[in-house]
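If you want the building blocks of each chain, they are given just below.
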Amino acid sequence: MATQDVVEQKAVVIPRRGYMPRSKSARDLFGKIIAYTLLTLGSILILIPVFWMVSSALKPNSQIFLFPPQWIPNPIQWDNFVTAMTSLPFGTYFQNTMIIEVGSIVGTVLSCSVVAYGFARLNAPGRNFWFVVLLSTMMLPGVVTMIPVYLIFRQLGWVNTFLPLIVPNFFGSAFFIFLLRQFFMTIPRDFEEAARIDGANTWQVLTRIMLPLSKPALATVTIFTFMGVWNDFMGPLIYLNKPETYTLALGLNFFKGQYVSQWNLLMAASLVMMLPLVLLFFVAQKAFIEGITLTGVKG
Amino acid sequence: MATLSKPISDSARPRLPRVNRWKKSETWLFYLCISPWLIGFLIWTAGPMIYSFYLGLTSWDLFTAPRWVGLDNYKDIFTDNPDFWQSMKVTATYSFVSVPLSLVGALAIALLLNSKVRGIAFFRTIFYLPSVLPAIAVAVLWIWVFNPQYGILNLLLGLIGISGPSWLGDPHWALTALIFMSLWSLGGSMIIYLAGLKGISSTLYEAAELDGANKVQQLFRITIPQLTPTIFFNLILSIIGSFQVFTQAYAMTKGGPQQSTLFYMYYLFDMAFIKFRMGYASALAWILFAIILVFTLLVIRSSSLWVYYESETK
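Chains as they are written, first to last, in the working numbering: chain A, 1 to 299; chain B, 1001 to 1314.
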C-alpha cells in the first residue's frame, strides 16, 4: 500500500505525454459510476428470474395466469411449499440423495487425500508420468466411458441401487486429487520431518499432520462433492429407474412431468432444491473461491 | 514449485546404507498411495475406453450377443443418418455461439468486479450464484421464464412493445433460448477470471501509469496478455462443456421442436439408454471424443501463439 502511494505521488510529479494529474480523480469517479451502473444492471438481469421464481412460488395458482402480472403475491401462499413437497415422496428422494451424498463424500475425501499425498510428497520413478495421466483424465469427456461403465454396473446387478453413484468415488477423482496435491505442496515439510523423527509412519503423518493442516482444502473438496452429487442429473437418470430410488434431481424432473402448468408448485419445489446450495454458498463462500483459486489458475 | 519445497535436509542427512532401501520402499509406498486412483483409472477409464471402442465396432441391443459389424456403425452414421448431422449442427452452433459469448461476458464481468469499489463481494455473490444451482432446478425455472403467454421474458418484452416468440416451442428460437439461458450462469468462468486478475502483479500497472498508459491501453497491453493462461484454461473447459450439454435438452425440450435442440449428448443418450443400441451409441461416443480431442489439441497447439507464460521470458 505504502509503496503504491509513493508511486502515485511520483506520477503526479512527473507527468508525461498529456498526462493530466488534475483530472485523475474525476476520471476515477467517472469510472466508478460506470462500474456501479453496469454491475447493478447486470445484477438486475441475473435476479429477475430469481425474483420471478420466488414470486410465482408464493402465489395461488389463480394469480399465476393474471395479466398484467401480479409482481408481489397477495395473499402470500406459504402452503405451496407444503403442497409441493407432499404431492410426491420428496422425503424419500431427499433420503436417497443424502445416502449418496454421505457415501460419495466419505469415498472422495478418503481416496483423494491418500492419492494426493502420494503425488505431493513421495518420490518414485514414474510419478511424473502418472501425474500427467491424472491431469489428462480431467479433460477426458465422460461420454467415452459412460456406456461401458454402465454395462459393468449392469453386469454386477447394481442398476437401481445407489452403488454406481457411490463406489467410483472411492477411487479418487482427478480434480480433487489435483486440488489437494496443490494444497499439500504449500505445507512446509518441516512438520512432517519432525513427526518422522519422532517415529511417525506415513499413515500417521497423513492423518495427524497433513489432513488437520488441510482443513480449508478438505472443506472445498467436501463442498464441491456435495454440490456435484446434489446437482447430478445424468448419473441418477442412467442408474435409477424405479421411483422409490429417485434422487431429488430426478424427483423434480418427475414432478415437472406430473404437474404441468402448476407453476406455483413447480417453482416452490425448484426453490426448495436450490435453497440448500444457496445457504451452503453463503456459509462457505470462501471455500468455494479458494478452491477455484487453488486449481484454476497458476499465476 | 516442486523444487522450492524440496527438503534441504535431504542432502544434510548423513548417507546411510539404509537410504537405498528407503528409496525402494518410498517407491513402493508411492504406488500404494496412488493405488486407489490407479486401479480406478484402469477399471473406470482405461478399460472402458478400450471396451467402448470395441463396442463401436459391434451391433448390440443388450438382449442378444454383440455382433461384429466392423466399421458399419461409422459408415452408417456418416453417410446415412440425418439425425447425426442435425445433432452435429445443433451442438456446433451452440458451441460456436455460446463459448465466445460466455468467455467475453465472463471476462467483462470479472473486470468490472475487479475494480476497487465498495460492495464488490455482494455483486460477486450475485453473479456467481446461478452457477452453483442444480441444472434441473434451473431448467424448470427457465421453462417458466420462457413460457410464451405468462413467462416473464415475454411479459417484459411486451412492456416495450415486442411480442416475443414462443421460445422453447418455436424451432427457430429454441436453441437461441438455450444459449441465452446459458449466459445466466457464466459465473463459473467469471470466478476463475477473477482469481487470474488477482494474480497480476500491481507493479505492472504502476509502471504503466508512470509511462502514461491510459486504462484502455492497460487493459490491452497488461491485463489481457497477463490473463491469457486463464483465458486458455476457460476456453478449454467451455469447449468440453459445450459439447456435452445434456440436462437442458433432456428436461426442457426433449431435443425438439422439430429436432432444433437435438444436442449430440441427448441424441447419444437416446440411442444408448432408450433405444438400447449400445454399439451404435459407442461409435457416437468415440466420434464426439475425437471431435473434442481435435478442438482441445487445436487450442493447446495454438496456445504458444497467444498464451503468455511469465516463466518463459525469465
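If you are wondering where the hints come from, they were derived from the structure by calculation, not from laboratory data.
Check before you lean on any hint, since a few could be wrong.
[What the hints assert, rightly or not] Just some of the chain A residues that point at chain B, by a computed CB distance under 10 Å:
1) Leu45
2) Phe90
3) Tyr117
4) Val132
5) Leu134
6) Ile152
7) Trp158
8) Asn160
9) Phe162
10) Leu206
11) Arg208
12) Phe233
13) Ala269
14) Val272
15) Gln285
[Said to hold, decoys possible] Among chain B residues calculated to face chain A with C-beta under 7 Å, some are:
16) Glu1026
17) Leu1111
18) Leu1112
19) Ala1281
20) Ile1287
21) Ile1291
For each residue, glycine too, the CB sits at the ideal point set by N, CA and C.
Tested hints:
A cut of 10 Å between beta carbons decides the hint on A/Leu45: the least distance to chain B is about 8 Å, and the hint holds. At its closest, the beta carbon of A/Phe90 sits 13 Å from a beta carbon of chain B; the interface hint therefore is violated under the 10 Å criterion. Residue-level restraint check for A/Tyr117 holds (minimum Cβ-Cβ distance to chain B is 6 Å; threshold 10 Å). Hint status for A/Val132 relative to chain B: violated, with the closest Cβ pair at about 12 Å, above 10 Å.
Taking 10 Å as the C-beta contact cut-off toward chain B, the hint placing A/Leu134 at the interface holds, the least distance being around 7 Å. Proximity of A/Ile152 to chain B holds as hinted, the smallest CB-CB distance being about 7 Å (cut-off 10 Å). Hint status for A/Trp158 relative to chain B: violated, with the closest Cβ pair at about 13 Å, above 10 Å. Proximity of A/Asn160 to chain B is violated relative to the hint, the smallest CB-CB distance being about 14 Å (cut-off 10 Å).
At about 17 Å, the closest approach between the beta carbon of A/Phe162 and any beta carbon in chain B exceeds 10 Å, and the interface hint on this residue is violated. Taking 10 Å as the C-beta contact cut-off toward chain B, the hint placing A/Leu206 at the interface holds, the least distance being around 9 Å. The interface hint given for A/Arg208 is violated, since its Cβ lies 16 Å from the closest Cβ of chain B, which is over the 10 Å cut-off. The interface hint given for A/Phe233 is met, as the beta carbon of that residue sits about 5 Å from the closest beta carbon of chain B, less than 10 Å.
Among the interface hints, the one on A/Ala269 holds; its C-beta lies about 8 Å from the nearest C-beta in chain B, closer than the 10 Å criterion. At a threshold of 10 Å, the smallest CB-CB gap from A/Val272 to chain B is about 9 Å, leaving the interface hint in force. Using the Cβ-Cβ criterion of 10 Å, the hint placing A/Gln285 at the interface with chain B is satisfied: the shortest such distance is roughly 7 Å. Hint status for B/Glu1026 relative to chain A: holds, with the closest Cβ pair at about 6 Å, below 7 Å.
At about 9 Å, the closest approach between the beta carbon of B/Leu1111 and any beta carbon in chain A exceeds 7 Å, and the interface hint on this residue is violated. With 7 Å as the threshold, the beta carbon of B/Leu1112 comes within range of chain A, its nearest partner Cβ sitting at about 5 Å, so the hint holds. Interface hint status for B/Ala1281: upheld, as the beta-carbon distance to the closest one in chain A is roughly 6 Å, under 7 Å. Taking 7 Å as the C-beta contact cut-off toward chain A, the hint placing B/Ile1287 at the interface is violated, the least distance being around 10 Å.
This hint is violated: B/Ile1291 has a C-beta 9 Å from the nearest C-beta of chain A, more than the 7 Å allowed.
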